[in-house]
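**Student:** Okay, here's what each chain looks like letter by letter:
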Amino acid sequence: KAGVTQTPRYLIKTRGQQVTLSCSPISGHRSVSWYQQTPGQGLQFLFEYFSETQRNKGNFPGRFSGRQFSNSRSEMNVSTLELGDSALYLCASSLSPGVDGELFFGEGSRLTVL
Amino acid sequence: GNSVTQMEGPVTLSEEAFLTINCTYTATGYPSLFWYVQYPGEGLQLLLKATKADDKGSNKGFEATYRKETTSFHLEKGSVQVSDSAVYFCALPISSGSARQLTFGSGTQLTVLP
Numbered sequence: 001k002a003g004v005t006q007t008p009r010y011l012i013k014t015r016g017q018q019v020t021l022s023c024s025p026i027s028g029h030r031s032v033s034w035y036q037q038t039p040g041q042g043l044q045f046l047f048e049y050f051s052e053t054q055r056n057k058g059n060f061p062g063r064f065s066g067r068q069f070s071n072s073r074s075e076m077n078v079s080t081l082e083l084g085d086s087a088l089y090l091c092a093s094s095l096s097p098g099v100d101g102e103l104f105f106g107e108g109s110r111l112t113v114l
Numbered sequence: 115g116n117s118v119t120q121m122e123g124p125v126t127l128s129e130e131a132f133l134t135i136n137c138t139y140t141a142t143g144y145p146s147l148f149w150y151v152q153y154p155g156e157g158l159q160l161l162l163k164a165t166k167a168d169d170k171g172s173n174k175g176f177e178a179t180y181r182k183e184t185t186s187f188h189l190e191k192g193s194v195q196v197s198d199s200a201v202y203f204c205a206l207p208i209s210s211g212s213a214r215q216l217t218f219g220s221g222t223q224l225t226v227l228p
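These protein sequences, in sequence, are chains A and B.
With our numbering, the residue at position 114 of the first sequence is 114, and numbering never jumps.
So the mapping is simple: our numbering equals the position in the second sequence, first residue as 1, plus 114.
Honestly, the hints are just simulated from the structure, not real lab data.
Don't take every hint at face value.
Quick list of simulated restraints, FRET-style, between CB atoms [to be verified]:
1. A:L11 x B:G123: 37 to 45 Å
2. B:Y153 x A:L11: 19 to 27 Å
3. A:S86 x B:T142: 33 to 41 Å
4. A:S86 x B:V196: 38 to 46 Å
5. A:L114 x B:E183: 47 to 55 Å
6. A:Q18 x B:T184: 40 to 48 Å
7. B:T134 x A:S51: 25 to 33 Å
8. A:R67 x B:T119: 32 to 40 Å
With the Cβ distance kept under 10 Å, some of the chain B side facing chain A (calculated, not the full set) [unchecked claim]:
9. E129
10. A131
11. L133
12. F148
13. G155
14. G157
15. A167
16. S172
17. K174
18. F176
19. S199
20. F203
21. F218
22. G221
23. T225
None of the values given here were measured: they were computed from a predicted structure.
C-beta: ideal position from N, C-alpha, C; glycine also.
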């Protein structure tokens, strides 16, 4: 069974640009969550999607957005990039929201903002 | 809301040494507790979990017991191997309305020397 697939794995952007990251969950998983991982802040929850609806959102500015498609694939977008947005962005899938915390993570997309 | 405090790292051990990584939590009720592991260059993987008080989760020689009296979920392994070198995260769900998300500890970097 294929795992969670994230693309691209690495990318470099400059301040002010925008970026779109993609996540394909495990087949049959309908819930997708996104996390930001940085050395200073650790792992922080961004948002969770289920059935194309955002179920919850973490404490991030409106520059961070996401969506989920009917096939459960998800994308997240960061607009007007700042240096502090440099991070590893992790996507995780699960069978459904409320399944008690067992998430399956992808390898992440490492974003560097110059 | 629920939160978790994890032992600061890094931790360096020799092969076959005993490992303990401390984790304490603050929670309403008795949520499930998790340990995730992140190997170099990879996403997070669920290592073990415990779903109720006094439960012991175990996997790959690692163990953790859900202790409500001390609100702890310490990770232990009797004899570590070089291949155990990774970052370990304690986590628990934060219930937020109808959606859930995980909150993670700060992570403990473990290095095992041959």
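**Student:** Interface hint check: B:A131, Cβ to nearest Cβ on chain A, cutoff 10 Å. Holds or violated?
**Tutor:** With Cβ-Cβ at 26 Å, over 10 Å, it is violated.
**Student:** Hint B:L133 vs chain A: min CB-CB distance below 10 Å?
**Tutor:** With a closest approach of 21 Å, the B:L133 hint is violated.
**Student:** With a cut-off of 10 Å on the beta carbons, see whether B:F203 makes it to chain A.
**Tutor:** Constraint on B:F203 satisfied, holds at 7 Å.
**Student:** Quick check on B:A167 please, does its C-beta sit within 10 Å of some C-beta on chain A?
**Tutor:** violated, 14 Å
**Student:** Can B:F218 be said to touch chain A, with a Cβ gap under 10 Å?
**Tutor:** holds, 4 Å
**Student:** Is the shortest C-beta separation between B:G157 and chain A less than 10 Å?
**Tutor:** With a closest approach of 4 Å, the B:G157 hint holds.
**Student:** Evaluate the given range 47 to 55 Å for the C-beta pair formed by A:L114 and B:E183.
**Tutor:** Holds, at about 50 Å.
**Student:** Taking the closest Cβ pair, is B:S172 under 10 Å from chain A?
**Tutor:** At 16 Å from the nearest chain A Cβ, B:S172 fails the 10 Å test, so the hint is violated.
**Student:** Does the closest beta carbon of chain A sit nearer than 10 Å to the beta carbon of B:F176?
**Tutor:** violated, 16 Å
**Student:** Quick one, is the B:G155 hint okay against chain A at 10 Å, beta carbons?
**Tutor:** Holds - the Cβ of B:G155 comes within 10 Å of chain A, reaching about 7 Å at its closest.
**Student:** For A:S86 and B:V196, compare the CB-CB distance with the range 38 to 46 Å and indicate the outcome.
**Tutor:** violated, 30 Å
**Student:** Take the shortest C-beta to C-beta distance between B:T225 and chain A; is it under 10 Å?
**Tutor:** violated, 16 Å
Consistency note: the structure conflicts with the earlier hints numbered 1, 4, 7, 9, 10, 11, 15, 16, 17, 18, 19 and 23.
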